[in-house]
Structure formats: C-alpha cells, structure tokens
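S.K.: Protein chains in written order, with our numbering: chain W, 1 to 394; chain D, 1 to 144.
A hint or two may mislead.
Covered stretches of chain W, going by a simulated chain D footprint (3 or more residues, C-beta under 8 Å) [said to hold, decoys possible]:
hint	segment
1	308-322
2	342-354
3	384-392
Sample of chain D residues facing chain W (criterion: CB under 10 Å; computed from the structure) [as the list claims (entries may be wrong)]:
hint	residue
4	Val46
5	Ser51
6	Gly53
7	Lys73
8	Cys77
9	Pro78
10	Ala80
11	Ala119
Because the hints were derived from the structure by calculation, they are not lab data.
Being a predicted model, the structure only gives us computed values, none of them experimental.
Quick reminder that beta carbons are idealized off the backbone N, C-alpha and C, glycines included.
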Amino acid sequence: MKPAHLQRDPIYLDYNATAPLLPAALAAMQPYLTGAFGNPSSYHRLGRQAKAAVEEARTKLAGLLGVLPREIIFTSSGTESDNLALRGVARARGSQGRHIITSSVEHHAVLKTCAALAAEGWQITALPVDANGLVDPEALRRHIRPDTMLISVMHANNETGVIQPIGEIGAVARSCGILFHTDAVQSFGKIPLNVRTMPVDLLSMSAHKICGPKGAGALFVREGTGLAPLITGGSHERGLRAGTENVPAIVGFAAAAEQIIRALPAETKRLTALRDFFEQRLQELIPGVQIQGKNAPRVPNTASISFLSIESESILLHLDLLGICASAGSACATGSTEPSHVLRAMGVAAEASQGTIRFSLGHGTTEKELDFTISAMRDIAGRLRSISSVAVAS
Amino acid sequence: MADQMLPDADDALESGPLLFYNEAVIDHFTNPRNVGEMDDADGYAVFGDPSCGDQMKLWIKVSGGKIVDIKFKSFGCPGAIATSSMATELAQGRSIAEAKKLTDDDVIKALGGIPENKAHCSLMGIGALLAAIQDFEQKQATKA
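Pulled out of the complex, with its shape left as it was, chain W reads as follows (with noise of 0.2 Å):
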C-alpha cells in the first residue's frame, strides 16, 4: 500500500503560474465547445449564437473592470495583451517618440517585447525598484523626456506579489500627457481594480490565472488610445486583433472573473492570514529564512521565501517528491542557471536568490496543506543543508 501523502492529491501552491477551471467555468463554456459551435462572424443563427456570448462576457468583464464594453479586447494571453499594448502602441504612435520607459522586474512578455522594440530602434529606459522591489514614481519623473510616449509598469509582480504605486505613476505620465500600459495579470482577481478610475489607458488580464481556461486573455484600451494591431485579417475586436474569437474560453474567462471577484472581499481575508501564518511559521522554525518584498505591499496570495545556503531547484524537487507544488522564482526562468532578474533588480545577494522559492496560495489553498508544507520545508531545508558545503548564516 502506498503510503498516505502519496494517496492524497498534490499540494498546488503555484497558483501565479496557473489556476485550476472552476467548475462554474467548465459549465459555461461546455454548449460553446459542443453545440454552440458557431463562428461569431456568420451571419446565421449559430453565428449570433456565438456572437451573443462573446459579447455577453465582454460586458461582463468590461462590469467588473468598470468600464466600457468596447474597452475590452480578447487576446489569446496575459502575454499576446502585453505585446499588443506596447508594440500597438509603438506603431500607431511611433511618429510621437520613439522613447518607452517601463520596469526592471517586468514579466518577460514585456521586457523581451521591450529587446524586440529597441533593436526595431526604440530608446528603452527600465527603472530600477528598491530593495522592497517597488519603482519610484520620482525617479519615473526624472526619466521622462520630449520623446517618451509611453510607460508600462507592472501592477503586480508575478515573482514576489509587490504591488507597484500604479495611482501615483499613472498621475505621472498624465501629467506628462504620456500613455500608461500596466501588466495586470497577477493582480486582477487578487485585489479590486477599478479601472475607470485607475489612471491607465492600457491593462493586461489573463483568464487562466484567475481559474479561468488557457488560451484567453484581455487588453482593456481606454477609449481615444490609439493603437495598431498586431495580427490582421477580418474585423475582428474592432480591427484590433484578427482572428477568429475562442468563443468557449472567452466565456468561460468571463464566468471565472465573475466568481473570483464575487469572492475576493472574503479570499482576501483567508489567504491573507493563510499566507501571513505560512510566512511566520517557516521564520520560527527554519533558521536562515527571507521574506521578499515583505516591506512591500503584496497580493495576499503570494509568499516568496529565500532558504539561505540551499539551492532552489533542489529545494522544488523534494517538494515534488512530496508531491508538493511550487516555483523558483518565475516559472519561465526554470531550467535556465540565471537568477531571478527580479530578485536581482531588488538588489538580493546570490546566496539568498538562488534559494528562493515562490509559494502562490489560491481558492483552494487549506491550512492543513500548509501545515504539511512547513513541517515538509523544515525537513528540506535541514537535509540539504547537513550535505551544503554553505554555512547556514542565519
């Protein structure tokens, strides 16, 4: 017989890399991948069908956000919004500046959208963050010159859940008249966003990391911004983004968003205390532990903790075998020996950074599984540490 932590399901604590389906978006999407097949472009009843319900969840989201209808365009990803944003941007606006100031710990979708931009010969200014990883809305100001026409700073990060002074820097760039980009992918449904009156013209979302499917994301574009599309081809989005719609995603991403914000004043509460415990715990009884970003304001779901004198991906393979779910760092930096270029940015010494583990807590999230994460953590970070040729300074 196995024995009992193998019978039970794994312990998912990643929810920044990706979210379970709710069932309630399961549901909505199910007539759309069977019956409801319709192409929202045709003209029969099949068609207005599909046509209904991509609008009908663009309504919805755009609700939610509190904004328009026609302020939200469906992308297939957190990422295709952020390459839409700066790259649409860049070539309807072009002629304006040829200047972008963004951030040091960007999500990749823009800083390598940012590479792409200046090797096409765009000026690239990335703000470095303090050591709670938060930019300086003054040192923004400084950055600004006649040629700058837009600025694209994270609301959360994905990493460390830091949340950026969005408010103060979107005052910025108004007062500058400078269009503002904001990944908001790791901080829509953690946290309320009122957009319309968030001082933003442009804001990524992603379905699945709000336990929505894979395959669906949004761009809101206030109205009046100007923007180019990246893929051409029908009128689809308003010309914005060709292609026809994933109509069951783009349901279920809306049916996702409805629930996880209908929920978030009580999630808040329970992963906030859940992750404030898990942080707490792991320091009393690990030697040599840090807190990134504590300093910070953060996503309530999101713990990124340094095991001093132990290696990340080391650290993730016990939690494996224990059927443990986490992240070093970000997901996508995994398999690659770089340090976490955010961690880094925040000015965090080597021998913290390489042990860095990121814990993102969820819906699904139980005391009892981070119970068992902080007993099996200790026992991890003893066992590697009896064979490191580190000395643990605690």
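Following the hints, complete the assembly by docking chain D onto the known chain W.
M.R.: Chain D only, in chain W's frame:
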C-alpha cells in the same frame, strides 16, 4: 499539526511519472553517499563558486596509494548533488592512478544518464576529485 515523518526515497519514487531525472539520479540526490567532512584528510579541495550556483568540498584519505575514505559536501542543484555523490562512490577504494583517469562521462554513465542541460553539473564531482588528488600529491611532494 505534529511533525510528520517524511518518506524515504523509495516511497517518494512512486509519487510521479513526471520526473525530470532518472531513478538513479533521484536516489543519489535523496540519499547522497559519502556526505561529511574529514579532520585528518590527506587531500582537500573546494571546487566551484556558490554565487554561480554550485560548489563542492571534497576530502580524501589515502593509504597505500589507495583512496580509503572520501567525504564531500555540495551546494547546488539535484544534478550537482547526485553527480558529486556518484563521483565519490566511483573514487572510493580506487588507486590514485585509477582515480585520476575517471572522467565526467564515467559519472554520467554510472548514473544512467542525466538531462543534457545538467551535463555541466557532472564536471563538479570529477573536478573536485582531481583537485583533491592534486592537493594530496603536493603535500606528498613537500613531505619528501
């Protein structure tokens, strides 16, 4: 919740079909051989740099031209820990002359292969071993 007994490697292996490493690598990672330090070593080396991701310390005891005892400590990824462990196992009991002929390929072969992007890890065990042998030989030379 009270402290839980964590499983040993044999139990752990049942947990998934999705492992990136083979069973031998997992075994040497979860139960590394010859871990420890030595006060009266005949040869000692530090290899690698923890700020670059991995480091190994290795001690050997030599008697009658043979490695009679070997101990190591490693900071690094599972590949680094497993290849360090296997390198010490291959060197244990061998003559200095034989041990000097060991290569990183021998370590990889003995483990039944490691993922390609981890091949560089296997350099550490052998690198540390050869450096400790060199340290031993230098000490012998100064004694003589």
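S.K.: With reference to the structure, classify each hint as holding or not holding.
M.R.: Here's how the hints hold up against the structure:
no., hint, in the structure
1, 308-322, "holds (count 10)"
2, 342-354, "holds (count 3)"
3, 384-392, "holds (count 5)"
4, Val46, "holds, 7 Å"
5, Ser51, "holds, 4 Å"
6, Gly53, "holds, 5 Å"
7, Lys73, "holds, 4 Å"
8, Cys77, "holds, 4 Å"
9, Pro78, "holds, 5 Å"
10, Ala80, "holds, 8 Å"
11, Ala119, "violated, 13 Å"
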